[in-house]
Amino acid sequence: MPLTPMTDSLLSIKDLSVSFRLPEGETLAVDGVSLDLAPGEVLGIVGESGSGKSQILYAMMGLLAANGRASGQVLFEGQNLLSLLPAQLDRLRGNAVSMIFQDPMTSLNPYMRVGDQLAEGLIVHKGISRTQAQAEAVRMLDRVRIPDAAARARRFPHEFSGGMRQRVMIAMALLAKPRLLLADEPTTALDVTIQAQVLDLMAELGRETGTAIILVTHDLGVVARLCDRVVVLYGGRVMEEASAETLFDAPVHPYTRGLLAAMPRLETALTPRLGTIPGTPRSGGQVIGCPFVSRCEARLPDCAIHRPPLRDLTALDHRHRVACHLTGTAP
Amino acid sequence: MLRFIGKRLWHGGLTLAALVTLTFFVMRLAPGGPFSRNRKISPEVQANIEAAFHLDEPLWMQFGRFVWGVVRLDLGPSTRHRDYSVNDLIASGLPYSLTIGFWAIIIAAMVGVSLGLASALRRNSATDYLAGTVGVVGIAIPIFVIGPVLQAVFAVRLDWLPVGGANDGWRSLILPVIVLALPNIAYISRLTRTSTIETLRENYIRTARAKGIGWRRTLWRHTLTGALLPVIAYLGPATAAIITGSILIETIFAVPGIGRHFVDAALNRDYPLVMGITLLYGAILILFNIATDVVRATLDPRIRNER
Amino acid sequence: MSADLAPIQSTSTMQLQLRRFRQNRLAMISVVVLALVTALCFFGPYAFPFTGEDADFDVISAPAEFKWPHLLGTDDFGRDLLVRVFEGGQVSLTIGFLGALVAGGIGVLYGAVAGYVGGRTEGLMMRLVEVLYGFPYVILVILLSLLFGGGTMALFAAIVFTLWLTPAVIVRAQAQSLAQREFVQAARAGGMTGPAIVLQHVVPNCLSSVIVYGSLLVPEVILSESFLSFLGIGIKEPQASWGNLIQAGTAAMDSDPRLLLLPGGLLAVVLLCLNFIADGLRDAFDPNDR
Amino acid sequence: MTLLEAQGLDVGYKLPGSGLFGGSRFLPIVHDVSFTLEPGHTLGIVGESGCGKSTLGRALLHLTEPSAGKVLWQGQDMATIPELRRRRSEMQIIFQDPVAALDPRMTLARIVSRPLATFEPGLTRHEARARAVEALGKVGLSADFADRYPHELSGGQAQRVGIARALVGRPKLIICDEPVSALDVSIQAQVINLLMDLQENLGLALVFISHNLAVVRHISHEVMVMCLGRVVEYAPRGAFYAQPLHPYSQALMQAVPEPDPRREKGRIGTSLSGELPSVLSPPPGCVFASRCPKAADLCRTTRPDLREVVPGRLAACHFVEAP
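These protein sequence lines map, in sequence, to chains A, B, C and D. Going by the numbering used here, the first residue of the first sequence is number 1, and it counts up by one from there. Going by the numbering used here, the first residue of the second sequence is number 1, and it counts up by one from there. Going by the numbering used here, the first residue of the third sequence is number 1, and it counts up by one from there. Going by the numbering used here, the first residue of the fourth sequence is number 1, and it counts up by one from there.
Rather than coming from a laboratory, the hints here were simulated on the basis of the structure. Just so it is clear, the structure is predicted and the values come from calculations on it, not from any experiment. It is possible that some hints are incorrect.
[To be verified] In silico DSS-like cross-links for lysine-lysine, where the CA-CA straight-line distance does not exceed 27 Å:
1) A:Lys177 / A:Lys14
2) D:Lys138 / D:Lys172
3) D:Lys70 / D:Lys138
4) D:Lys14 / B:Lys7
5) D:Lys14 / A:Lys177
6) A:Lys126 / A:Lys177
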């Protein structure tokens, strides 16, 4: 789904930063991230732990921890989410924008029947009756392939497997037909065959309802399976952004290339040793120059001093942007 | 659910039996007897008084007689108050102890929970510090200090309330109930505050907020259950604290409840009365523990089908 | 291999916890006040030419005029109030700290063994605790102090026997989770025997929660002693203890409030300090609600 | 000489019964597992959660007692080795959660040198510490790490300390129980390479347990696939990844997402339907029958035994033929 001109983008994040006040000082988890999303598009945000990828979603949904602060702009259908009052934000949350989380075992209310937890959103946002909402909930449970949905709706979360609970979460999120679904590592805690089921479901429902999806994950395979476009994050900053095909066929940024070399593969030829990126992933914090400099084996003297801007390599396909001084010299 | 209650009753019965047996033999082992403290009376008189109370029989016989008594709900005569049976003494004292204990728990729960919730929701606010001070005062300053002080101020000096006794209807209950409730208000408010803060950190609260159902609905429909479960679980042991406290209250405010009887009975080795009250207190405690478990089971489905 | 910042001076978990405790002003003030009161109680009486039990009949019920030697006056037997409160403090504080230490010690070992061993033995050990918990505490402690024949030692044994339950339950839960932790399994893979693991891995890691709950145990023990003495079962006249002093004070409440306020006040101050210290320790050891 | 051999191994846990004297129920987790492992070789054990691979790993060292069958260490039944704990220096284990595997109250030098107190009691404190620093060096941690504490380490560094502790007693075998699952991709690669280097330099045998087929492919010589406590396929690495025989292995291969959009976009919609069966109520027939696309009534009733379909390759399926 190529990105049409900027004006009718569903979501436009401009220079978003998220910082946390800790006793030992202020740390910057997200440092000036900008990205756009077209209606119905599936965008992947990839990064290791500490890259700040989840904090972008939490900032948008107003779910930051008490000591967290977000700055910049998050325009969703023209409204800046960061400046909305809680009551205004609540009209959108679970209605126009909804979110699913990583750990299915703890994300559902253990004391409330599953059907009621689903129906609740509809009752609040669509103002329909309880019985109508519960019927709609059962239909949605059936749609996400929960066996004998009507009976299961009356049961409690601890009677569901991990995979089933994640499908319930997806049903809950898509019940109100949102325009945007935010997914924070939805399949990380699942087994690989169950993960495949959940990814298929998300792809199917996304296409069917035209819901745009932002998928945050550390697993490059999951991104390849589900996403149209990918953003690679490191130390709270965008390192590279491109269509899935371009990113995996011709990665430019040393970090992206390093990640792909470090990932063990099933089908390509075996190499005696995996490609490695030395050192440990850096998390947030004020940094002059490129955050990846301490681990980058292709670094230039300039990388530690000047912060590489996100340049558009228009020569390749329409949207391939990279933040690296190496490309500065390239055509 | 019934199986759940049945199992709890069975466990409770076992505990009560163990409790009563232990008390029976510990009392017998304690030095001195029911009549050893009287002024000089001739050995023969002493002997047949003891025979009248079957104290000359072997221990297991006496225990058998006691158990048979319990089954017939007749706890036998009191060795100290000769003209009253244990049943009479309990019947006269119980209403007072129960009323005070009951109101103390109700007030402690209501005031404690609301203070705890308010301070958890608006942390470091005025209510938070107020609840904090009430909490610390309640826990740190014992009943037998607060009681006499309030008594001196409100009853003696200002004469708003009766100094003691129980013949002035509910007015004479106010001070005892408040003093008895204070430590539990403190404990419950601190407990509610911590459990609410922990519940607010749970992932399913984050999901509720992400559903955009508004903070009020999130609080009432999602946060409250999780926050109150540990408090309800504490209400069992709270009754034990209330029972302990009631003995003090009845001494300070001269309330004719069974708590006071117990201390005198223990000091004077009034075996039947001690056994009677122990049985009563033990039963109250176990029933209350079962009640709190049942309430928790209705709220938390995992407990319900766990057993 | 791993490019790290300059080798920082490494701080052990214990040092980290102590530093966090020191930053807690309220807790530090409480430590100072508690130390002051304890010192006064144990060394104060030496400053006076008489003991708490010497009755001086020509100064009966002297008012508090801060005049030497009876600074705060005397009770109705002519015994110096201040010295008696100090001596009472000695009794209550000794029983409090010693009682918490012994009850805590028993509780920790019982809990650590039950938690680590698991299986049927743990079931039985915990059943016993459950039964003892079922006991109305007051009956148990009164019966035990009678069983042990009254007097300070009997009181001490009765209190300790009833108060080791809570630390046992807390440490058992902690030991149970520790037994599953990988570093305990790694110790077994490292050839360590069961007892060695309990002593070197389980108990040290339970210490932090023991210290927190131990500090809560001290006020409990002091309260129990005063409670029993108040009921006339604990420390008997003429020996002074805060319990029996307060009991005497309540009887003369309206005529001479000093008799109650002095011991009661000191007891309240000690209990307040202990509670603030306990809060400080809990925040220092598991600072999750930062 | 075969280093480690499992013969018809069954492992399970006793669940405490309810009530005071309630009888305890026995929950079987691992059923009838057999294999041999040569020195310097790596056996990869792969399977989804609940398939019993971690339980098997612990039973191989008798950290949990097997309920049936035998584990032979250099030909000798481990149950009969006297003072087994003194011989544990030869067989070590590393864990999934690197930080939880280190006692938070000890310095790294003490953690790594602690096993020597049992294995080589003669060593002085100073010699033990030197051995610890040497072991830390072998896993790429400089000497100044010796006095640090676990809470000051990253996940990757903590896992290296776990490996150093395993190395200090000069083992012949290390059981790796999901050692890299909790680590980031770039750190995962570092630890995998480190394990392979150590195997080459020290002639170590490894039992590598993981749910990640790609990681297992990179490090193993032989691969064993487990499902619900049973072995469903056993084969040398090359043959297995070229042509997995058992339908479950094929399904796993199919489900693992690769960083290749064209391959993956073609895979959407091919996932299995049905849920992971629960360990508490294992199905009578084949363990994969409830989700297998080729399942027939035969599969649901009689359990296929593990048979040699091709020399050196075993599979437990009624319909599997030689490739």
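Quick one: which hint numbers does this structure break? Sort them smallest to largest. Hints 3, 5 contradicted; others consistent.
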